[in-house]
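2 protein chains.
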Amino acid sequence: MQKISKDDVWKYKKYVCRAKCFDITAGGKIIVLNEQEAHQNDLYASHRVILRSGGKQSIAIVDVSNDLVQAGQIGLFAEVSSELGVSDNAHVEIVHMQRPDSIEFIKKKMDGKALAKEEIETIMRELMQNRLSEAELASFITSVYIRGMSEDEVVGLTQSVVSTGETLQLGRHPICDKHCIGGVAGNRTTMVIVPIIAAAGLYIPKTSSRSITSASGTADTMEVLCDVSLEIDEMRDIVKKAHGCVVWGGALRLASADDKLIKIRNPLSLDPRGVMLASILAKKKSVGAEHVIIDIPIGRGAKVPDKAEANDLGREFINIGKRLGMKIEVLVTDGSEPIGNGIGPSLECIDVLSVLNNIGPLDLRDKSCQLAGALLELSGKVKKGRGNDIAVQLLKSGKALAKFREIVELQGGKHNLKLSDIPVARYKHKVLADKEGRVFHIDNKMISKVARAAGAPNDHEAGILLMCERGDRVKKGDVLYEIHSSSESKLDFAIKALEGWTAVDLERAVLSSMD
Amino acid sequence: MQKISKDDVWKYKKYVCRAKCFDITAGGKIIVLNEQEAHQNDLYASHRVILRSGGKQSIAIVDVSNDLVQAGQIGLFAEVSSELGVSDNAHVEIVHMQRPDSIEFIKKKMDGKALAKEEIETIMRELMQNRLSEAELASFITSVYIRGMSEDEVVGLTQSVVSTGETLQLGRHPICDKHCIGGVAGNRTTMVIVPIIAAAGLYIPKTSSRSITSASGTADTMEVLCDVSLEIDEMRDIVKKAHGCVVWGGALRLASADDKLIKIRNPLSLDPRGVMLASILAKKKSVGAEHVIIDIPIGRGAKVPDKAEANDLGREFINIGKRLGMKIEVLVTDGSEPIGNGIGPSLECIDVLSVLNNIGPLDLRDKSCQLAGALLELSGKVKKGRGNDIAVQLLKSGKALAKFREIVELQGGKHNLKLSDIPVARYKHKVLADKEGRVFHIDNKMISKVARAAGAPNDHEAGILLMCERGDRVKKGDVLYEIHSSSESKLDFAIKALEGWTAVDLERAVLSSMD
Chain P
1 MQKISKDDVW
11 KYKKYVCRAK
21 CFDITAGGKI
31 IVLNEQEAHQ
41 NDLYASHRVI
51 LRSGGKQSIA
61 IVDVSNDLVQ
71 AGQIGLFAEV
81 SSELGVSDNA
91 HVEIVHMQRP
101 DSIEFIKKKM
111 DGKALAKEEI
121 ETIMRELMQN
131 RLSEAELASF
141 ITSVYIRGMS
151 EDEVVGLTQS
161 VVSTGETLQL
171 GRHPICDKHC
181 IGGVAGNRTT
191 MVIVPIIAAA
201 GLYIPKTSSR
211 SITSASGTAD
221 TMEVLCDVSL
231 EIDEMRDIVK
241 KAHGCVVWGG
251 ALRLASADDK
261 LIKIRNPLSL
271 DPRGVMLASI
281 LAKKKSVGAE
291 HVIIDIPIGR
301 GAKVPDKAEA
311 NDLGREFINI
321 GKRLGMKIEV
331 LVTDGSEPIG
341 NGIGPSLECI
351 DVLSVLNNIG
361 PLDLRDKSCQ
371 LAGALLELSG
381 KVKKGRGNDI
391 AVQLLKSGKA
401 LAKFREIVEL
411 QGGKHNLKLS
421 DIPVARYKHK
431 VLADKEGRVF
441 HIDNKMISKV
451 ARAAGAPNDH
461 EAGILLMCER
471 GDRVKKGDVL
481 YEIHSSSESK
491 LDFAIKALEG
501 WTAVDLERAV
511 LSSMD
Chain S
1 MQKISKDDVW
11 KYKKYVCRAK
21 CFDITAGGKI
31 IVLNEQEAHQ
41 NDLYASHRVI
51 LRSGGKQSIA
61 IVDVSNDLVQ
71 AGQIGLFAEV
81 SSELGVSDNA
91 HVEIVHMQRP
101 DSIEFIKKKM
111 DGKALAKEEI
121 ETIMRELMQN
131 RLSEAELASF
141 ITSVYIRGMS
151 EDEVVGLTQS
161 VVSTGETLQL
171 GRHPICDKHC
181 IGGVAGNRTT
191 MVIVPIIAAA
201 GLYIPKTSSR
211 SITSASGTAD
221 TMEVLCDVSL
231 EIDEMRDIVK
241 KAHGCVVWGG
251 ALRLASADDK
261 LIKIRNPLSL
271 DPRGVMLASI
281 LAKKKSVGAE
291 HVIIDIPIGR
301 GAKVPDKAEA
311 NDLGREFINI
321 GKRLGMKIEV
331 LVTDGSEPIG
341 NGIGPSLECI
351 DVLSVLNNIG
361 PLDLRDKSCQ
371 LAGALLELSG
381 KVKKGRGNDI
391 AVQLLKSGKA
401 LAKFREIVEL
411 QGGKHNLKLS
421 DIPVARYKHK
431 VLADKEGRVF
441 HIDNKMISKV
451 ARAAGAPNDH
461 EAGILLMCER
471 GDRVKKGDVL
481 YEIHSSSESK
491 LDFAIKALEG
501 WTAVDLERAV
511 LSSMD
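These protein sequence lines map, in sequence, to chains P and S.
Its first residue numbered 1, the first sequence is counted upward by one per residue in my numbering.
Its first residue numbered 1, the second sequence is counted upward by one per residue in my numbering.
Keep in mind the hints are simulated off the structure, nothing from the lab.
Possibly wrong hints are sitting among the right ones.
In this list, chains with the same sequence are indistinguishable; a pair is considered to hold if it fits within one copy or across any two.
In silico lysine-lysine, DSSO-like type, Cα no more than 27 angstroms apart, as pairs [as the list claims (entries may be wrong)]:
{"hint": "1", "residue 1": "K260", "residue 2": "K445"}
{"hint": "2", "residue 1": "K108", "residue 2": "K260"}
{"hint": "3", "residue 1": "K445", "residue 2": "K14"}
{"hint": "4", "residue 1": "K383", "residue 2": "K445"}
{"hint": "5", "residue 1": "K240", "residue 2": "K113"}
{"hint": "6", "residue 1": "K445", "residue 2": "K108"}
{"hint": "7", "residue 1": "K107", "residue 2": "K260"}
{"hint": "8", "residue 1": "K303", "residue 2": "K108"}
{"hint": "9", "residue 1": "K428", "residue 2": "K260"}
{"hint": "10", "residue 1": "K303", "residue 2": "K399"}
{"hint": "11", "residue 1": "K260", "residue 2": "K29"}
{"hint": "12", "residue 1": "K399", "residue 2": "K445"}
{"hint": "13", "residue 1": "K381", "residue 2": "K399"}
{"hint": "14", "residue 1": "K241", "residue 2": "K414"}
For reference, chain P alone in the conformation it holds in the complex (with noise of 0.2 angstroms):
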């Protein structure tokens, strides 16, 4: 008996009906349909159908509706009308379509089984088609969080999601990328490490993300002082020109179809390995990194918890990156404090621009000028030991700071950049010590929570600035922190929502058994 797939009936079946356009978008691309008409023709709600009119065609999801729409009108939202250009009355051809590829595979992961190259991009390009559900993502996504991904699949995810998107063909070498793991307050690294790279004549084209649920993320720190959200052909120009970069990834179509599993991942809080590693990845190769510093920051709060774990996740970004043909380096750093003095965009603007301009909080400087030396000796510029001394000598000489002028200025931003050109909030408020002790620990959480509540990052001068660090001795009345805002009431809201909370905790008297 010749075998049937279970589809193939439905290849048969179409019907037309007239377009009823609602000038209002649905979120996706979503058509109401007659509710019996609908099922008369074996149609459901979350059925996927083929749209067709006038020579455009367009896939979207069924709703059915007894009162919306009469039998022979199909209800178009906003996203699916524009996709086929039409207007009321217009005739649409309803197809039935065929269930997607992924579903099977989507299925085999969960059964346990390894995804085959081709299976993999089968997901990613349906992803990409809009052709999956968000429950069927979610399946996914679950699937691999529990069964796991082996090398092999990594690397086919990571190549899949790289051709989901445009690359950045810069056509110059060596190019150079770095990536943190995240989860540390105020540290803005990648602004002071791509000036130094770029000035020691590498090419860095750096791309950055928003903060998700911290006080700021690069780009919103970048975006204090210039545009970030450009075109591929404008990144691309200010590289050729400057060697480096710090631009918003979300604004480019690099690996788009990370973006799409993002959103997935964020409302459940879900973040497979696997996936993560091929995320990150190919966010680097799609702009043809092949020199690549990951910098995993461990301890107390932070993602990746002790270093056993840093080493093994270390391990699979050298493994997978060597594959997809980019060397990478992993530093495993301290990550249970905040970076700088400042959390929020424009305060930790202030405390990059004082690194370049040798006056910064040295914590920053340090862990930039390491991070930027196994850069440079990993591309192989400076020999073995000497890439921190180099780093340093560039950000001493002012030639750092030169490069981030330049890029600034590339990116839209003011000529001659200088500190006193970094607005700073109207309101403030100052948390005091309420009893003698020492600075027992700071917390990234809570002191992301309070900037936020006080409006970062999108109120750019709100967020935290530290008057102490891990150690210091303070007395009852002492200032722990400032708290910036551009708004009284949200530096309220700020200050009620530390009710009940320490971001900063002071040493107890007496050792408590417990943490």
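Given the structure of chain P, go ahead and fit chain S onto it with the hints provided.
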């Protein structure tokens, strides 16, 4: 330090907008906020908010738009505006909502840990409150599929599902019920068993489902004769009078959470065993069933492939049933071929009424009597070994037919229903044997597909009338089956759909080594 939940900070957050009503449904409780304003308030797409207006409140999912709504406006689709009872320009307060508690428990299941009863209850409660997104639910079902569920968890899930809905509260005893795992075309035993059990003086408040992928569900078939969309009070009255009924479960609010779970299970074709067990048993429990027969068909094309797996599943039914206070017996039956002659609502009614008139297909009659007999024995009404005989007697005496007519009439159907009352399709097409041979296999899925292509189950008269059974010798040109439809074009469509596949297999002259 006081323990702070990740979302406590938002308890202070709310803002007020003016309603802009879109007079259309969105297929879910979705609101549209101005993108910039939403972000300033730390709200992003897919966040949940509580909406308050004029003393009413609703929970909705945020969508954002740059041009659809201005700052200060909230776009409301019909689902939300009707729930809040607001029209344009009404003040709506938007309150940040804490993350559903379920997310933690879904992750716990993902991580392979068993869920406590209260945790399962929380998931079902939040599901009913529409607080869980499709992605979150899909993630839950996927986790249960991969990780499985312990007996304790299934008991907890069943009880939670029961408690989300109404219960019948019949107040009469003993209450019997039956369930078939499904997948067998034409298998309308329920419509024969219910009148037999009711005629024997027991109670059988039967809820049935509509077809999802088959040619007809019991509810679709019964609907040819009478109303099946009853309210729970009507159902109770009928069962008190007639001792039985056959109604559509979907119209009642029994085990409501299950209807929501099914929506997720269908698109993914996922039916994790634990969820399936809970889903079936919750429906039995919610009508107060004490004695339940479960029919598990096995064989080629059936949902359960073999006897060993049927026994495993059966044991789980029995054990979990015991813990829920239900006495369960499991019958493993042959499900490799259709039962009865007709497939499709009207044609199945003809089979059922023929059996009740003692002229019907023997396979449907025998299976129904065996199942009814087992239920009579299980309830203690008749002695072990006598059930089948008593069931046959109730058929032969015409008592079952009288009872069936009583039920049909109480459900709004004709008085004194006769075979000639059942409508027959106008258009028919005979499918002939293309060679001499012996009927080797009649395929449930293929038969269903042809019947659906002809219009079943929405076209009641559409379907297949089998003219042969497995083992029959046929000559070239003999009629294998008829396709029925009340629409000529649908009939043509079904004939076209048949090209290339075979619903009735004829044995090959030469034995092949492959099936």
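Now for the hints, and whether the structure bears them out:
1. K260 / K445: For K260 and K445, only the intra-copy Cα distance (26 angstroms) is at most 27 angstroms; the inter-copy one is 36 angstroms.
2. K108 / K260: both (21 angstroms within a copy, 25 angstroms between copies)
3. K445 / K14: Answer is between: at 22 angstroms across copies they meet the 27 angstroms cutoff, but 54 angstroms inside does not.
4. K383 / K445: neither (38 angstroms within a copy, 70 angstroms between copies)
5. K240 / K113: Cα proximity of K240 and K113: none, with 45 angstroms in one copy and 53 angstroms across.
6. K445 / K108: Answer is between: at 23 angstroms across copies they meet the 27 angstroms cutoff, but 38 angstroms inside does not.
7. K107 / K260: both (20 angstroms within a copy, 21 angstroms between copies)
8. K303 / K108: Close across copies (18 angstroms), not inside one copy (30 angstroms); limit 27 angstroms.
9. K428 / K260: This pair counts as neither: shortest intra-copy Cα distance 39 angstroms, inter-copy 50 angstroms.
10. K303 / K399: So K303 and K399 fail the 27 angstroms test inside a copy (34 angstroms) and across (72 angstroms) alike.
11. K260 / K29: both (15 angstroms within a copy, 22 angstroms between copies)
12. K399 / K445: So K399 and K445 fail the 27 angstroms test inside a copy (35 angstroms) and across (74 angstroms) alike.
13. K381 / K399: within (17 angstroms within a copy, 96 angstroms between copies)
14. K241 / K414: within (17 angstroms within a copy, 87 angstroms between copies)
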